[in-house]
Amino acid sequence: MIFWKLFYTFLRIGIFNFGGGYAMIALIQNEVVTRNGWMTMQEFVDMVAVSQMTPGPIGINVATYAGYTAVLHAGYSAPMAMIGSCIASFSVILLPVVAMILVTRFLMKMQDNPAVQTMLKILRITFIGLIAAAAILLMNVESFGSPTQDTTQFILSIVIFLAVFVAAFRYKVSPILLLVLSGVAGYIIYGLILPA
Amino acid sequence: MNNLGTIEKKASLWTLFGAFCKIGAFTIGGGYAMIPLMEKEIVDRRGWLDKETFLDVLALSQAMPGIFAVNMASNIGYRLRGVLGSVAAVLGNILLPIAIIILWATCFRYLQGNPIFEAVFKGLRPAVVALIAAPVFTMAKTAKLSWGNIWIPIVAALLIWLLRVSPILIIIAAGIGGYLYGRYLERKEGAA
Chain A
1 MIFWKLFYTF LRIGIFNFGG GYAMIALIQN EVVTRNGWMT MQEFVDMVAV
51 SQMTPGPIGI NVATYAGYTA VLHAGYSAPM AMIGSCIASF SVILLPVVAM
101 ILVTRFLMKM QDNPAVQTML KILRITFIGL IAAAAILLMN VESFGSPTQD
151 TTQFILSIVI FLAVFVAAFR YKVSPILLLV LSGVAGYIIY GLILPA
Chain B
1001 MNNLGTIEKK ASLWTLFGAF CKIGAFTIGG GYAMIPLMEK EIVDRRGWLD
1051 KETFLDVLAL SQAMPGIFAV NMASNIGYRL RGVLGSVAAV LGNILLPIAI
1101 IILWATCFRY LQGNPIFEAV FKGLRPAVVA LIAAPVFTMA KTAKLSWGNI
1151 WIPIVAALLI WLLRVSPILI IIAAGIGGYL YGRYLERKEG AA
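Protein sequence lines correspond, in order, to chains A and B. Its first residue numbered 1, the first sequence is counted upward by one per residue in our numbering. Its first residue numbered 1001, the second sequence is counted upward by one per residue in our numbering.
Rather than coming from a laboratory, the hints here were simulated on the basis of the structure. For each residue, glycine too, the CB sits at the ideal point set by N, CA and C. It is possible that some hints are incorrect.
No farther apart than 27 Å at their CA atoms in a straight line, the calculated lysine-lysine pairs in the DSSO-like style are these [what the hints assert, rightly or not]:
(1) B/K1144 / A/K5
(2) B/K1144 / A/K172
(3) B/K1040 / B/K1051
(4) A/K121 / A/K172
(5) A/K172 / B/K1010
(6) B/K1040 / B/K1022
(7) B/K1141 / A/K121
(8) B/K1051 / A/K121
(9) B/K1022 / A/K121
(10) A/K172 / B/K1040
Far from chain B, by Cβ distances over 10 Å, these chain A residues were calculated [as the list claims (entries may be wrong)]:
(11) W4
(12) G37
(13) Y65
To give an idea of the interface, some chain B residues facing chain A are shown, with a C-beta separation under 10 Å as derived from the structure [as the list claims (entries may be wrong)]:
(14) L1013
(15) T1015
(16) K1040
(17) V1043
(18) I1098
(19) I1160
(20) I1168
(21) I1172
(22) A1173
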């Protein structure tokens, strides 16, 4: 049953995420798109765009959205999809919140254990690879357009990609501003200039 | 309560919920964007935690699994009002964002296929991919990757990308490997 599967899937995503919001995106991509086929890669990219531009933690936003779409794709109605949203976002935080309470209560010292320190350091390094794989998997026809069929869109996509990458990495421009600008650029290029 | 840090003022469950509602509603762009607002609200305005304890909470929230902002809320709520405080802070932090996304998801279906909407998203998609690619390099820089450990993220990425290995398996392997390395090998190397 889809609700049980959602619960179990997001429970796992929550407890295994040691790498922040983008790592969460990588984990959700694998579980929701690759493994369960609850949405397409393109829907996934659109969802990440929306999640970044609405308030709240990205992990919560992506989980809420994924829960909604998963239930809808399984053939249920919109109200049922809302229940899916709630299940996904609550199960993603359930175990971490319990773990946090237990750690705050009993195990504050565990943090200072050198072996735990090394483990966390190596986990953080590993997550760099996870996020890299998520980015590579998204460099596809759905996100960039086909180089043979829509050559113009493909080239423009590469330009937007490079501009946003440099602005985010080198100049630390805020992601929200970059997304707003890219959306406006998309509207001007594909909405106003190209169809005419 | 003293081992949990200095608490300057008492917080009611309701004010705790309200404070985190505000933090959740006004931060766009993810967990780390919440830090300044949280500090202002929790430390400066309400005086619930001192600055030092706030930094401890921050470090712990980064170390623990899950969602960073939710971990912060959960920890601060627990310090102030126990388990119920934790629940109140977490709910406050996520309720409004969840409601907004559900609203968005409902509208989204009707917007798909609309030419203006499609045009905007054609611009957004490559930007999203760039925004996911950029932190890879930022994180690689802050983690001070060396020739000794750069193979870890590279192998992880290749396993996921080419062999479709589940990221969760990789996390488990890295966690166990990291712990064992720290426990049995690292100290010996340091002593030698």
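Exercise. Looking at A/Y65 again, its CB stays over 10 Å from all of chain B?
Worked result: 5 Å, violated
request  = Hey, is A/W4 genuinely clear of chain B, shortest beta carbon separation above 10 Å?
outcome  = 18 Å, holds
task = Against chain A, run the beta carbon of B/V1043 and see if the smallest gap drops under 10 Å.
result = 18 Å, violated
When the least beta-carbon distance from B/I1160 to chain A is tested against 10 Å, hint result
This hint holds: B/I1160 lies near chain A, its Cβ roughly 4 Å from the closest one there, short of 10 Å.
- Do the numbers back the hint for B/A1173, that is, is its least Cβ distance to chain A under 10 Å? Holds. Min distance 8 Å.
_Please verify that the nearest CB of chain B lies beyond 10 Å from A/G37's CB._
13 Å, holds
inquiry  = For a C-alpha distance cap of 27 Å, please report whether B/K1051 and A/K121 respect it.
reply    = 25 Å, holds
- Message: Check whether the Cα positions of B/K1022 and A/K121 lie no farther apart than 27 Å.
- Response: Violated - the C-alpha atoms of A/K121 and B/K1022 are around 33 Å apart, more than 27 Å.
| Status of the B/K1040 interface restraint (C-beta, 10 Å, chain A) | Violated, about 16 Å.
Straight-line alpha-carbon gap A/K121 to A/K172, limit 27 Å: 24 Å, holds
**Study point:** Agreement of B/K1144 and A/K5 with the hint, judged by alpha carbon distance not exceeding 27 Å
**Key:** 38 Å, violated
### Message
Against the 27 Å threshold, does the CA-CA distance of B/K1040 and B/K1022 hold or violate the hint?
### Response
Roughly 12 Å between the alpha carbons, so the hint for B/K1040 and B/K1022 holds.
When each numbered hint is compared with the structure, violations occur for hints 1, 5, 9, 13, 14, 15, 16 and 17.
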